[in-house]
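Below, each chain spelled out in residue letters.
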Amino acid sequence: MIKLKNLERFYPLTKEKFFYVLRDINLEIQEGDFVSIMGPSGAGKSTLLHILGMHDHGWTGEYFFEETAVHNLKPKERATLRNEQIGFVFQQYHLLDDLTVYENLDIPLSYRHYSKSERTALVADMLDRFQIVGKKDLYPRQLSGGQQQLVGVARAIIAEPNLLLADEPTGNLHSSQGEEIMGLFRKLNDEGMTIIQVTHSEKNASYGKRIIQLRDGWIVN
Amino acid sequence: MNDFRFALRQLVKSPGFTAVAILTLALGIGACTAVLSLVNALLIRPLPYRAPQELVLLWQKFSAQGLDQIPVSAPEYLDYEKQTTSFEHIAAFDYTDLNLTGGDLPERIQSAVVAPSLFPLLGVAPIQGRFFTNDEFGEGRDNVVILSARLWQRRFNSDPNLIGKQIALNGSNFTVIGIMPAKFQFPLPLFGIQGGTFAGPVDIWKPIAFTKNELESRGSRSYGVIGRLKKGISSAQAQVEIDTIHANWLKQFPDNYNADVRFGGTLYPLHEQVVGGMQTALLILLAAVGVVLLIACANLTTMLLARAGACEREFAIRVALGATRTQILRQILCESVLLAVIGGAAGSLLAVWGLDLLRAIGVQTVPRIAEANLDVRVLVVMLAVSIGTGILFGIIPALASGNPEVTEALKEGGRTSTAGVPRNRVRNALVIAEVAMALVLLVSAGLLMKSFARLQNVDPGFNSRNVLTTEIALPVAKYPRGKPVADLFAEATRRINALPGVETAAFTSILPLSGTNSDSSFAIEGRNPMAEKVYPDEEIRVITPEYFQVLKTSLLRGRAFTDADTADSPKVVIINEAMAKKWFPNTDPIGKRITFSDPRKPDVEWVTIVGVVATMRHRGLEEEGKPEYYLPHTQRSNRAMVLAVRSKQDPRSLTSAIRDEIRRMDPDLPAANVRTLEQVTSDSIAPRRLSVVLIGVFAAVALVLAAVGIYGVMSFLVVQRTHEIGVRMALGAQRSDVLRLVMGHALRLVLIGAAIGLAIALVSSRALQAMLYNVGAFDISTFVLVTLALGSVALLASYIPAVRATRADPMIALGHNG
Ligand SMILES: Nc1ncnc2c1ncn2[C@@H]1O[C@H](COP(=O)(O)OP(=O)(O)OP(=O)(O)O)[C@@H](O)[C@H]1O
Ligand SMILES: [Mg+2]
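Protein sequences, first through last, are from chains A and B. Take the first sequence: its position 104, counting from 1, is numbered 104 in the numbering used here, and each next residue is one higher. Take the second sequence: its position 441, counting from 1, is numbered 441 in the numbering used here, and each next residue is one higher.
The following block holds chain A by itself, in its conformation from the complex:
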């Protein structure tokens, strides 16, 4: 599904000197995989995830998403591809404070080509599936951290992506809440969703099928 060839990410320090965050990344991820990216702080995990999520455009090398050569796409085309294929879960949940749970779930749909009735049906479906129907009119601050992240995951998959990216999705949660989210990921993966998560915890990584170790921008295995 994903193929990275000689991918590099660097920030200029001075005119001649560069600071490399990612070095010579070669990576292949199959459809239906569940990958955990691990490594010490500052290794470049988040950076890699943002590149995979097509938010970051400042890299060199080749990136194939299925048959598409992402490195040849314009930002606008990347955005379209991202909207069709990728969902995001964040450590900070990043729910919008002024919107209710229901409205938060609706955001991704509002930016894609869904009809009004489809949107209503999809949101209702998702509330049902995550058993949060009773919370649909509450605001994020009225939810516990675990519940907020539950909404975060629901929002990430509501637009039916093929790939789910998660940057330390349980980083802000108690272990029991974390386990619930990881169980959820496991289930989604069983249903066919490809998942790439960044995590510091061996336990969380054990839910996945494969681990990639990053150190100072290099993949070490």
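Hints were generated in silico from the structure; no laboratory data involved. Being a predicted model, the structure only gives us computed values, none of them experimental. Yeah, the Cβ is synthetic: ideal placement off N, Cα and C, and Gly gets one too. Misleading hints may appear alongside valid ones.
[To be verified] A few chain B positions that, by computed beta-carbon distances, are all more than 12 Å from chain A:
no.: 1; residue: 10
no.: 2; residue: 49
no.: 3; residue: 137
no.: 4; residue: 174
no.: 5; residue: 279
no.: 6; residue: 305
no.: 7; residue: 356
no.: 8; residue: 477
no.: 9; residue: 499
no.: 10; residue: 509
no.: 11; residue: 525
no.: 12; residue: 663
no.: 13; residue: 667
no.: 14; residue: 726
no.: 15; residue: 732
no.: 16; residue: 734
[Stated by the list, open to error] Partial selection, computed: residues in chain B whose CB lies under 8 Å from chain A:
no.: 17; residue: 614
no.: 18; residue: 724
no.: 19; residue: 727
no.: 20; residue: 728
no.: 21; residue: 730
no.: 22; residue: 731
no.: 23; residue: 733
no.: 24; residue: 737
no.: 25; residue: 811
Got chain A; can you put chain B with the ligands on it based on the hints?
Just chain B with the ligands now, kept in the frame of chain A:
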């Protein structure tokens, strides 16, 4: 000092905020100070005479004929002087022109004849010399003059020994006895004296010398009368005395004051007379200033509130690190004061330029505008208001930072804090208010501009293109009334007609829209004024034959004057259409006869109507033309005439040729006040132009401020919502979605503001009604156009921050780890 350096660095660090705040302060302070200085000079500051509240003007009226505020005759004035006891002094005055010769160029000087009591009455001392004495009041003793400092400097190079020397005026010698200070001005324009409306400041004062003729004629009224009330005497008490004198006249001179004409007279406080005509315009301006000031304050408040929000975290950190509240307060004060000082300095500069501009526009037509200087008190008040606003809204975050929610603010970090919600509501409300107020001003400006444009397109009944005019006044000494006068004007016409580039030339006693006027009563053959109780009195002009040809005024019936109309040929008159309609309705006026003598007496001299011409607008472009009649200059000679020359090219190019030609005829004869007829027309609407320019400037300032406000609030909103926008972009929002999000917010505020503004404008524009011409107070197209303009500017102002929002990098917005 350290605090100031730090404050300066803070301001430089956020150039957007600093620029907006300084621009707002500068525009607000500048515009308001300039206009308030003007209003203060024109309306509030006392007139530059001693105890001006004691000064009154006395005007007569003939109510039956609708004649109000008309001047006084010589015998009447002398009666007032003798019989009144309410006045400390009373003085007559009139405008006149004097030809000053003896220099390189003869020059016509705007002058005034005054009773000797005038100067002690006004209580302004001369800078050199003395005033007139009572001995110098009267024919033959009046060969003394007082000069203005301006003329003294310009023509006599401030000669310290000029007092006692003689100068040549109208061909006679006059001794200079005094020089008045530069600021002294009398009469003030707009006193309402005929010929005074557009007269420039007076440079020579001369004692009145009533002629024998004047002293015998109660009906020949041309003098203004000013009085200073005695201490403790009210204007009402003086009025009673005047009324008694008038009642006596009615008994004493029944021929002069027919009961049917309802003769009377009224005292008017001087101040009211001077500013009366401008009060509405100035009050509207004052309202405009208020609105602009409110918008500026709203702007400053939104900016500082935004900043307060942004600084809250910084202050929280500082407090957490051990800063005391005083230290933080000091830092904020430094910043506010620094802003106010920079903004105030820029504002003062703008105010100075603004006043220069206002003076330049109004100098010919607005009395006392030269006195309008930058008013330091106004400036100080403005600065205090702005610094006050700055400190008030700068202090709020500092006070907030002292409370125990410090940790809360720290924890909340870059995320939208709940405390932001009420603050956002205040900001939104302020933007809505700004838009509403700006719209009200824009509608007013739009209506006034439309009126002005309509007015400029009015057909005045003549064609002002390519016509040059100049005033020529023949001195009595050299040109006694009669044939020599007519001969000179006939000869001048002949010579100027022969100049290359000249199409036609003619003379008239009074030019349309020039602000001067003259009327005369007459009787119509076959009608009995005593029985009908109507006394025809219409406006009169004396012209040379080609006058209507020069002005391209159509001859509707009959004929124009020709050279065959001489002093000895049958007397003829041409009337205008308005006069034909009024006095000869449903009949052909051609061949009808009028007379200027008493028709009941034997051997009446009849004057036959030979032509009817189109009506010209005279009192103003906005006023329909009045009845007028024209006499040939050969049959009614007039020593002061205006030359009008229609040219084949730019008429100004003829100036020197015409000047030379006139000098060849009489080297002592100045061609004064050379203006194109277009300029005459445009001068006549100059006061209106001043209002339009001022309101226009205010509307523009309001628009800019509102745009700046919207820009500021939207910029802040974008920063504040970076996180939200980042999340939305991460979840699939495209550029256009973000643009729509930000501009939609702006548009919502603008729409609400516009709705409120339009509602207010519907009411407020009614106050403008009196100043509108041919435009309704609810002119739909103006309302629509102005709203669209404001809407587009507002959208433009929000576009820049919106574009900036689309550049929000979701990676940064979402933060790496928080
Ligand atoms: N805009 C930037 N300019 C320069 N260097 C940057 C920038 N953004 C990130 N970096 C650097 O790139 C490196 C990798 O950052 P990244 O956030 O990917 O690390 P991480 O592996 O996710 O760490 P953590 O486990 O702490 O989240 C870091 O050393 C960081 O300092
Ligand atoms: Mg990270």
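Structure-based check of each hint:
no.	hint	result
1	10	holds (28 Å)
2	49	holds (67 Å)
3	137	holds (86 Å)
4	174	holds (85 Å)
5	279	holds (52 Å)
6	305	holds (19 Å)
7	356	holds (51 Å)
8	477	holds (91 Å)
9	499	holds (74 Å)
10	509	holds (78 Å)
11	525	holds (90 Å)
12	663	holds (79 Å)
13	667	holds (83 Å)
14	726	violated (8 Å)
15	732	violated (4 Å)
16	734	violated (6 Å)
17	614	violated (69 Å)
18	724	holds (5 Å)
19	727	holds (5 Å)
20	728	holds (6 Å)
21	730	holds (5 Å)
22	731	holds (5 Å)
23	733	holds (5 Å)
24	737	holds (6 Å)
25	811	holds (5 Å)
Violated hints for the displayed structure, listed by number in ascending order: 14, 15, 16 and 17.
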